[in-house]
Amino acid sequence: MKEEMSFAFRRTVPVLFGYLFLGTAFGLMLQSAGYNFIWAIFISMFVYTGSGQFALVGLLSGGAGLFTTAVMQLSINSRHMFYGLSFIEKFKRMGKLYPYMIFSLTDETYSLLCSTAVPGNADEKKVFFLIALFDQIYWIAGSALGALIGQLIPFNSSGVEFAMTALFIVIFVEQWIAAKNHMPAIVGAVCGIICFLIFDPSNFILPALVTTVAVLTMYRQLSFKRKGAAK
Amino acid sequence: MSPILFAILTVAVTAACTFATRLVPFVLFGTRDKPPAIVRYLGEVLPPAVMAILIIYCLKDVDFSSANSILPQVISAAVVVLLHLWKRNNLLSIGAGTVCYMLLVQFVFI
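Chains as they are written, first to last, in this note's numbering: chain A, 119 to 349; chain V, 78 to 187.
If you are wondering where the hints come from, they were derived from the structure by calculation, not from laboratory data.
Calculated pairs, EDC-like style, for lysine to aspartate or glutamate (alpha carbon to alpha carbon, straight line, at most 16 Å):
1) V:164 <-> A:292
2) A:214 <-> A:242
3) A:243 <-> A:207
4) A:210 <-> A:242
5) V:111 <-> V:121
6) A:120 <-> A:241
7) V:111 <-> A:207
8) A:208 <-> A:241
9) A:244 <-> A:121
10) A:243 <-> A:121
11) A:298 <-> V:121
12) V:137 <-> A:318
Between beta-carbon pairs, the in silico distance windows are:
13) V:138 <-> A:237: 43 to 51 Å
14) V:141 <-> A:232: 31 to 39 Å
15) V:141 <-> A:344: 35 to 43 Å
16) V:143 <-> A:298: 33 to 41 Å
17) V:147 <-> A:341: 31 to 39 Å
18) V:108 <-> A:184: 26 to 34 Å
19) A:185 <-> V:79: 14 to 22 Å
20) A:232 <-> V:166: 16 to 24 Å
21) V:162 <-> A:339: 28 to 36 Å
22) V:143 <-> A:339: 39 to 47 Å
Which bits of chain A does chain V cover? Going by a derived footprint, with three or more residues having C-beta under 8 Å, they are:
23) 268–279
24) 289–296
25) 321–329
By construction, the Cβ of each residue, glycine as well, lies at the ideal position given by its N, Cα and C atoms.
Using the sequences plus the hints, can you model the full thing?
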């Protein structure tokens with residue numbers, strides 16, 4: 119177990135810093151919306167998602183209805199539907215840990231699990247579980263810390279919400295560099311901007327996602343045809 | 078309904094919806110050998126498209142008629158992109174961009 123713990127810890131160090139920082143930003147925002155560190159700990163324990171929790175602060179302070187909350191959260195988190203596809207077989211083999219592995223599959227944990235080659239003498243199941251668990255512990259610690267700082271030290275935290283924008287930009291830049299084909303990113307941006315202009319800015323995500331999926335599906339059919347014609 | 082109960086319900090709905098999205102592929106394809114080709118294709122191409130949409134989502138509170146509202150966003154976003162292309166360090170890019178934005182909205186573009 120010691121072997122697995124030290125390996126998992128070393129793999130998760132970048133997430134440790136990222137989650138402490140973003141978690142702190144979340145805790146600060148939550149605190150300034152009037153919810154203390156106990157709320158922060160419970161939310162990070164049971165919800166556990168970056169963008170969704172930032173949006174949750176807005177929903178809580180704006181007094182949104184439960185239906186709006188559900189639609190918002192489903193659309194913000196809809197990208198997670200696609201993460202599990204890479205781990206169906208692996209997670210199924212993890213027995214009692216199967217539900218936790220599904221629950222804890224955040225952007226960061228997903229990217230770590232995708233890129234982790236477990237050394238021969240370590241148990242892969244334990245390593246996977248520990249990576250997922252460590253990441254969540256960092257996230258809970260960060261949120262609690264942020265809420266406490268916000269409570270104890272009078273501190274002008276306005277603008278801290280930009281951490282979320284910055285996170286998305288960083289992931290976008292990483293994906294742009296790694297991608298061979300930039301069409302998906304461009305389709306998403308164009309559909310996003312058009313829907314942002316047509317619909318109410320706080321409700322544009324769902325139509326934007328639906329049009330993006332439709333356009334990308336058509337794009338796939340077209341490029342298949344083109345390949346077929348080239349033969 | 079008391080405000081605290083309503084807040085707890087809002088959190089519970091958020092938790093359920095978040096878990097539900099993560100559960101979908103396991104429910105749909107957990108019993109099969111391999112998900113259909115179109116699903117695997119979408120799993121591959123959607124992440125960058127979704128990120129682009131989420132970045133646009135972050136602009137929802139910007140007042141596009143006011144330079145004081147637009148400029149801090151544009152400047153800080155440029156800082157994040159350039160720093161990231163230069164150093165490729167997530168924490169540095171996010172940290173510096175956020176501090177830059179906080180300084181701009183608190184002291185420069187008031």
